[in-house]
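Heads up: the sequence lines are chains A and B, in that order. Heads up, the first sequence is in full-length UniProt numbering, so the first residue is 1 and it goes up one at a time. Heads up, the second sequence is in full-length UniProt numbering, so the first residue is 1 and it goes up one at a time.
Treat each hint with caution, since some may be false.
Since the list can't tell identical chains apart, any single copy or any two copies may satisfy a pair.
[What the hints assert, rightly or not] Pairs of lysine-lysine, DSSO-like flavour, derived with a Cα cap of 27 Å:
1. Lys187 / Lys66
2. Lys53 / Lys187
3. Lys31 / Lys178
4. Lys31 / Lys145
5. Lys187 / Lys31
6. Lys31 / Lys108
7. Lys108 / Lys145
8. Lys66 / Lys145
9. Lys66 / Lys108
10. Lys108 / Lys178
11. Lys145 / Lys178
12. Lys31 / Lys53
13. Lys187 / Lys145
14. Lys145 / Lys53
By construction, these hints were calculated from the structure, which means they are not laboratory data. Just so you know, these numbers come straight off a predicted model, no measurement behind them.
Number of protein chains: 2
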Amino acid sequence: MIQLLTDSILQHVALTEEEIARIPAYFETVKTHRGQFLLREGEICRYEFFVLKGCCRQYETDDAGKENVFQFSVEGWWMTDLDSMLHERPSVFNIDVLEAGEILQITKAQLHLLFQDIPAVERYYHIITQRSGAALQRRILFLQKPAIERYREFVTRYPFLETRLPQHQVAAYLGITKESLSRLRHKIARS
Amino acid sequence: MIQLLTDSILQHVALTEEEIARIPAYFETVKTHRGQFLLREGEICRYEFFVLKGCCRQYETDDAGKENVFQFSVEGWWMTDLDSMLHERPSVFNIDVLEAGEILQITKAQLHLLFQDIPAVERYYHIITQRSGAALQRRILFLQKPAIERYREFVTRYPFLETRLPQHQVAAYLGITKESLSRLRHKIARS
DNA sequence: CGGATGTGTTGTCATATCTCAATATTTGAA
DNA sequence: TTCAAATATTGAGATATGACAACACATCCG
């Protein structure tokens with residue numbers, strides 16, 4: 001199943017068969033179960049996660065206890081708290097498992113060993129970092145739009161998430177309550 | 001004045017005097033005047049910008065004509081449309097000059113020549129990219145908070161911008177109208 | 001099977017923020 | 001200095017969304 005990762009790498013850089021074979025050793029494989037936490041608020045995020053199977057969610061809990069979803073991750077997606085990793089500061093995020101499955105995790109130290117071993121992977125990593133930056137940028141624009149447009153854009157961009165996730169999780173990603181989302185959907189269905 | 005850039009680089013990586021001397025040639029210096037556009041919506045963003053002096057603003061205009069500010073940049077800050085640069089797709093952003101001054105600009109091609117010439121600059125660039133990713137991440141969390149907290153956080157994090165910018169620009173960054181910001185400020189002042 | 005838990009809908013009312021309009025204040029350039 | 005443009009404030013009413021509560025299903029698991 002780790003092939004999902006090597007495929008992802010090969011989409012961006014070229015590797016020899018021997019290099020491909022050396023990659024898995026740098027990662028830890030973790031079977032995940034629903035409700036499991038990969039990161040808890042207050043901890044320093046030590047890993048980059050790569051989802052092999054299942055669905056994870058990165059969210060923060062605000063003062064009123066409301067959960068704001070930052071990102072979902074499904075098969076083939078990376079997920080981490082960049083700010084916590086980079087500055088080694090306690091994370092504001094929780095990362096938990098919505099759908100059981102399997103993930104890969106790698107520490108910063110291992111990642112750098114991997115870069116030394118296989119420089120092409122460093123190029124891959126930087127490409128991924130840039131793409132994730134572009135995605136964050138889109139998310140910022142997204143959050144400035146009215147709720148109904150956010151919902152439409154979400155459905156268009158991530159149809160597979162829309163059907164896979166419970167509505168209240170989608171609402172928490174859109175930045176609205178589940179009740180408001182229910183009413184938005186109703187309104188759209190009518191028209 | 002280009003020393004602002006080399007200082008920024010030297011904060012993160014080590015360079016020899018000769019290397020420092022080779023850097024300016026890769027950049028174009030542009031004197032900016034108020035109202036000038038560095039990037040217009042619909043164009044493909046070809047440059048990374050580095051502000052030497054003055055203040056720039058990156059914003060998008062929504063369907064209703066409202067301007068949403070994505071980012072301000074002052075002395076020593078980088079600014080670009082990552083998504084447009086990376087995917088070579090038309091930008092949704094405008095970048096214009098609020099305060100006259102001077103900027104450096106560099107194309108992707110020149111940047112890669114610079115990386116080949118001075119590999120340490122590539123490391124600097126990746127550090128900057130990561131930090132900017134962390135900043136984008138914070139901005140996403142920021143946008144999910146209520147307006148009054150967004151304003152407080154803005155003032156705390158960027159006190160020098162709060163005083164330097166007209167209020168309606170700050171409002172457009174916070175994602176509220178200038179009237180709402182005026183009222184928020186009034187409310188805070190009273191308490 | 002049956003209850004606990006998770007999920008989704010609907011009603012009512014509260015609240016934050018917006019829109020539009022009028023007016024005040026500051027700033028910059030001729 | 002003086003006028004025009006830019007900026008900021010205030011009021012009144014509209015609108016989007018939230019908060020809370022009740023209820024309806026579905027689903028999972030003992």
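Are there hints from earlier that the structure breaks, and if so, what are their numbers?
-> As far as the earlier hints go, 2, 3, 4, 5, 7, 9, 10, 14 are violated by this structure, in ascending order.
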